[in-house]
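Which chain is which? The protein sequence lines are U and P, in order. Add 3 to a position in the first sequence, counting from 1, and you land on the number used in our numbering. Add 59 to a position in the second sequence, counting from 1, and you land on the number used in our numbering.
Please keep in mind that the hints were generated in silico from the structure rather than gathered at the bench. Check before you lean on any hint, since a few could be wrong.
[As the list claims (entries may be wrong)] What the simulated footprint calls covered on chain U by chain P, stretch by stretch (three residues with Cβ under 8 Å from a Cβ of chain P suffice, anywhere in the stretch; the number is not a length):
hint, segment
1, 40–50
2, 71–80
3, 100–107
[Stated by the list, open to error] The calculated DSS-like cross-link candidates involving lysine-lysine, where the alpha carbons are at most 27 Å apart (straight line), are:
hint, chain 1, residue 1, chain 2, residue 2
4, U, Lys29, P, Lys144
5, U, Lys29, P, Lys89
6, P, Lys144, U, Lys116
7, U, Lys87, U, Lys134
[To be verified] From the structure, some residues in chain U lie toward chain P, with a derived Cβ separation under 8 Å:
hint, residue
8, Gln61
9, Asp123
10, Ile124
Since the model is a prediction, treat every value here as computed from it, not as a measurement. Every residue gets a Cβ at the ideal spot worked out from N, C-alpha and C, and that includes glycine.
Listed below, chain by chain, are the residues.
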Amino acid sequence: MRYTCGVVLLVIFSFAVPSFGQQSMKMGDKNWVALEKELDDVNNQWLCAGKYYKAKMQDCVDFRAQYWADQFFEVGQSGKTQTKAEMVAGQTANAAKRPDVVRGTGPNPQDFKLMSVYGDIALGTDRTVFKTADSSGNVTVSGEANVLRMFVKERGAWRPAGAVLIPANK
Amino acid sequence: MTKIRVLFVVALMGVASLASAQQTMKKGDKGWNELESTLREANLKWLCQGDYYKPKRQDCVDLRSKYWDDQFFEMNPGASGTQTKAQMVAGQTASSKTYPDVVRGEGPNPTEFTLMSVYNNGTFAMAVDHTLFKVRLNAQGQPDFDHVAPNNRTEHWYLDDSGKLAVVREVTYARVFVKRNGEWRPAVGASSPRPPSK
Numbered sequence: 004m005r006y007t008c009g010v011v012l013l014v015i016f017s018f019a020v021p022s023f024g025q026q027s028m029k030m031g032d033k034n035w036v037a038l039e040k041e042l043d044d045v046n047n048q049w050l051c052a053g054k055y056y057k058a059k060m061q062d063c064v065d066f067r068a069q070y071w072a073d074q075f076f077e078v079g080q081s082g083k084t085q086t087k088a089e090m091v092a093g094q095t096a097n098a099a100k101r102p103d104v105v106r107g108t109g110p111n112p113q114d115f116k117l118m119s120v121y122g123d124i125a126l127g128t129d130r131t132v133f134k135t136a137d138s139s140g141n142v143t144v145s146g147e148a149n150v151l152r153m154f155v156k157e158r159g160a161w162r163p164a165g166a167v168l169i170p171a172n173k
Numbered sequence: 060m061t062k063i064r065v066l067f068v069v070a071l072m073g074v075a076s077l078a079s080a081q082q083t084m085k086k087g088d089k090g091w092n093e094l095e096s097t098l099r100e101a102n103l104k105w106l107c108q109g110d111y112y113k114p115k116r117q118d119c120v121d122l123r124s125k126y127w128d129d130q131f132f133e134m135n136p137g138a139s140g141t142q143t144k145a146q147m148v149a150g151q152t153a154s155s156k157t158y159p160d161v162v163r164g165e166g167p168n169p170t171e172f173t174l175m176s177v178y179n180n181g182t183f184a185m186a187v188d189h190t191l192f193k194v195r196l197n198a199q200g201q202p203d204f205d206h207v208a209p210n211n212r213t214e215h216w217y218l219d220d221s222g223k224l225a226v227v228r229e230v231t232y233a234r235v236f237v238k239r240n241g242e243w244r245p246a247v248g249a250s251s252p253r254p255p256s257k
């Protein structure tokens, strides 16, 4: 009898936890700041930036193919929408043409801000600075975008769910 | 004992239905298409288009201030950048004082609405559309830029299918929705400019 009651309570608890998790977090509080920090790190992993730098472009593409949620999609700076499969195919083709990555080039996210949290979904923004290297290896800024970054928590880990890139200064 | 067993079964069924809501919905199946249709309608409501047209701009702002989720924010090209719900409502209220009247069909017109992903046990959805920004014509048959917000004053334009409005700007809009108390509500909008169709 006691065992059955315990199981019933446990099941009811499992219902309540997701909605409680959503309601208890507010912008600026301890949990919010901790999640913002965690997602900032996820963002760097996603972009193979900072300590997640990979010298071979294909290594980063392969990592993303595992890391992105299955339903991942991205809207690029020219308004083109691509699914995960299309993104991976396009980036694999680019990696075949330009296999090596100079450290610091590519997308560099800055000023990551957590904007909203809905249970296992979190939405953030950043300013992404795109950098390229010239033939001498000098790194210069080639473009900037304000980016909507969408994340989903699956099997206990936050993963990229989508992005929208909005050209800055346009 | 029987009551507890019933309670246990009901709770288990609830958990199972929550889990299956997300897992059973796949792109192109009946549930997906129905949700896409529901959200297409929610999108029109958000933008005060079609059946939701409001001749007074402030009426649309008032609707949005209730319809948008509390955590709503929007990202757009240009000086406005990222804005919270409060900033959006304040900005649109100010604009409504300068440009109070709306011609039917004027403003953002969403087309090609496509549901892209569904999460949180079917209570969170991400979609994209192709939004055309339209303005009325003046007596000379040119876009009436004197009666629209400055961000719609573009050099390139073309007449829409009705021939009564000018399309002045096009974007891909990411439209994100959350289901609250049984109703889908806008949670985020983010737009990226796209080349003119014509």
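We went through each hint and held it up to the structure:
{"no.": "1", "hint": "40–50", "in the structure": "violated (count 0)"}
{"no.": "2", "hint": "71–80", "in the structure": "holds (count 7)"}
{"no.": "3", "hint": "100–107", "in the structure": "violated (count 0)"}
{"no.": "4", "hint": "U/Lys29 with P/Lys144", "in the structure": "holds (15 Å)"}
{"no.": "5", "hint": "U/Lys29 with P/Lys89", "in the structure": "violated (36 Å)"}
{"no.": "6", "hint": "P/Lys144 with U/Lys116", "in the structure": "holds (16 Å)"}
{"no.": "7", "hint": "U/Lys87 with U/Lys134", "in the structure": "holds (23 Å)"}
{"no.": "8", "hint": "Gln61", "in the structure": "violated (26 Å)"}
{"no.": "9", "hint": "Asp123", "in the structure": "holds (6 Å)"}
{"no.": "10", "hint": "Ile124", "in the structure": "holds (5 Å)"}
This entry does not satisfy hints 1, 3, 5 and 8, going by the numbered hints stated previously.
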